[in-house]
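Q: Kindly generate the complete structure, drawing on both the sequences and the hints.
Protein chains in written order, with the numbering used here: chain A, 1192 to 1248; chain B, 2 to 223; chain C, 23 to 273.
No lab work stands behind these hints: they were computed from the structure.
Don't take each hint at face value.
[Unchecked claim] Okay, derived cross-link-like pairs now, BS3-like style, lysine-lysine, Cα gap no bigger than 25 angstroms in a straight line: (1) C:K264 / C:K29; (2) C:K264 / A:K1228; (3) A:K1240 / A:K1228; (4) C:K264 / C:K109; (5) A:K1228 / C:K109; (6) C:K264 / A:K1240; (7) C:K29 / C:K109.
[Stated by the list, open to error] Across the chosen pairs, the derived CB separations fall in these ranges: (8) B:W90 / A:A1237: 46 to 56 angstroms; (9) B:L207 / C:L52: 45 to 55 angstroms; (10) C:S41 / B:L14: 56 to 66 angstroms; (11) B:V133 / A:A1215: 46 to 56 angstroms; (12) A:A1237 / C:A48: 43 to 53 angstroms.
[Said to hold, decoys possible] Sample of chain C residues with no beta-carbon within 12 angstroms of chain A, all distances over it, derived: (13) L44; (14) A48; (15) S91; (16) W106; (17) A123; (18) S124; (19) Y125; (20) I194; (21) I196; (22) Y199; (23) L235; (24) L253; (25) E255.
Predicted model only: the values in this text are computed from it and were never measured.
Even glycine gets a Cβ: it sits at the ideal position worked out from N, Cα and C.
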Amino acid sequence: MTLPEWMDFGKWTPFIWWCYVVTAVVLISIGILSYRKEHRLLRNIAQQKRREHRGAS
Amino acid sequence: MRHALFTLLKRDLLLAFRQPSELINPLIFFLIVVSLFPMGLKPETPFLPMMGAAVIWVAALLASMLSLDSMFRADMEDGSLEQILLSPWPLPLLALTKILAHWLISGIPLVVMAPLLGLMFNLPAEGISALVVTLLLGTPVLSLIGAIGVALTVSLRRGGVLLSLLVLPLYIPVLIFGAGSVWDASLGLSIRGPVLFMGAILVLALTLAPLAVAGALRISLE
Amino acid sequence: MWVWFHKLGSPPYFYRLSSRLLPWLAVATLISFVVGTIWGLFYAPSDYQQADTSRIMYIHVPAAMFSMSIYMVIAAAGAVTLIWRIKLADLVAAASAPIGASYTFIALITGSLWGRTMWGDTYWEWTDPRLMSELILFFLYLGYMALNAAFEDRRRAARAAAVLALVGVVNIPIIHYSVEWWTSLHQGSTTRGMQFAATIYPSMRYPLYLMMLAFAFFYAQLMFKNTRCLLLESERNNSWVKEMVTQHDAA
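A: Pasting the structure below:
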């Protein structure tokens, strides 16, 4: 089986792939981190509010 | 005004001389670090003068950084720093005076000791004179830039490692020009360019750093 | 203009505005990244001298470019914090720092891998001034973030970090020139690989522009997201946050 030309590591050298992989990993992980952080914060504040509400009534 | 600055300078110097260990310890540190580097090499490795220049400069950087903490810390703890802030004299000038005192205490001894270490590393005579000149121009810059870092971290209980993180990257230009011109001089090249550049950096630091230190002190003590 | 500026400085307004902007930014980021990557990797021609290695450029150049621009954003926001004491400016600066540090990291890794193929057997070439400047910029980012994290009081952290960012900005050109002088002194190999971006063929320029847009959109998006997080953290007891959370719960 012959690889398609663009998957041929010998031609492209693995370094290009590594560059794109590292970039993708870094960007996706900081992206996920901040999206999850906001989600958690909102849930946290909502919980706190409900607790205060219960305490007041 | 001149009187106030002079009094402050005299007070800082007097305080330093009352506690000679704070004065001497950074120097001993300087000496030890410089002599550690050759021990990391095999005895038969030819020790290049270029490496000597780099080692002495890096050790001077570290020693001057170690002594930085004493610049504002004690004054902060006994409250005299607040008095300085409240005084009617312009804060940048007072900060500059304190920096000058720090340089006289920590920078000058390094400059005096450097030729000795240069001899240990077999630097040629031109290299040693270049070392003295560049240290003379460079160590005030180290004190000035370092003062900004200390002023920013003085209110933190453990500012030591943080201080080195903040200050060391900013020291890099001084290191490059300092060690570079010693190396050039050892090869018999002219070092006018880098020395002039270091002078320019010194003038820039002299004008801007006191302002930054004053701002940082105000933030730290508000 | 000034009214708008002040309106933008108000946290609830900023929060609502960013809620409206974020989905669009997400779409723009995704499209530009996907199209730019495919275009750059598969359709753009390869450089006649560097062959396909030049394809690293499509991520290296935008990352390096924005790593510096983001530091400028931080310094500008720091100046605004110090002068007008607008709280939002400080949050924007604090939110930008981790993104800028990540871009710097990407630029360093891709630069050294690019160098690996260009210079031969070394991953790290000390004689390349751009790589060195980028490394020092990375240190500056780390110092900035460390100082920001060291204070418990958010407002004091903001102003101390702002002073540091401004000092760093004054230093960046000095560092750059000193590194350049240093490398020209010790120069062994030429660094064609990095200078190549300046003389680039038109057919490679468009995917590069697209990737730059992608990095910019990504930055804007995460900056908004991080700023919102910091806002929520510092204003969690204010009425507008509570109202918004109720709406969020209902939806």
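Q: If a hint holds in the structure, say so; if it does not, say that too.
A: The hints, checked one at a time:
no. : hint                                 : in the structure
1   : C:K264 / C:K29                       : holds (20 angstroms)
2   : C:K264 / A:K1228                     : holds (18 angstroms)
3   : A:K1240 / A:K1228                    : holds (18 angstroms)
4   : C:K264 / C:K109                      : holds (20 angstroms)
5   : A:K1228 / C:K109                     : holds (20 angstroms)
6   : C:K264 / A:K1240                     : holds (7 angstroms)
7   : C:K29 / C:K109                       : holds (12 angstroms)
8   : B:W90 / A:A1237: 46 to 56 angstroms  : holds (54 angstroms)
9   : B:L207 / C:L52: 45 to 55 angstroms   : holds (51 angstroms)
10  : C:S41 / B:L14: 56 to 66 angstroms    : holds (60 angstroms)
11  : B:V133 / A:A1215: 46 to 56 angstroms : holds (52 angstroms)
12  : A:A1237 / C:A48: 43 to 53 angstroms  : violated (23 angstroms)
13  : L44                                  : violated (10 angstroms)
14  : A48                                  : violated (9 angstroms)
15  : S91                                  : holds (16 angstroms)
16  : W106                                 : holds (26 angstroms)
17  : A123                                 : violated (9 angstroms)
18  : S124                                 : violated (5 angstroms)
19  : Y125                                 : violated (9 angstroms)
20  : I194                                 : holds (23 angstroms)
21  : I196                                 : holds (29 angstroms)
22  : Y199                                 : holds (28 angstroms)
23  : L235                                 : holds (14 angstroms)
24  : L253                                 : violated (10 angstroms)
25  : E255                                 : violated (7 angstroms)
The structure fails hints 12, 13, 14, 17, 18, 19, 24 and 25 (numbered hints given earlier, in ascending order).
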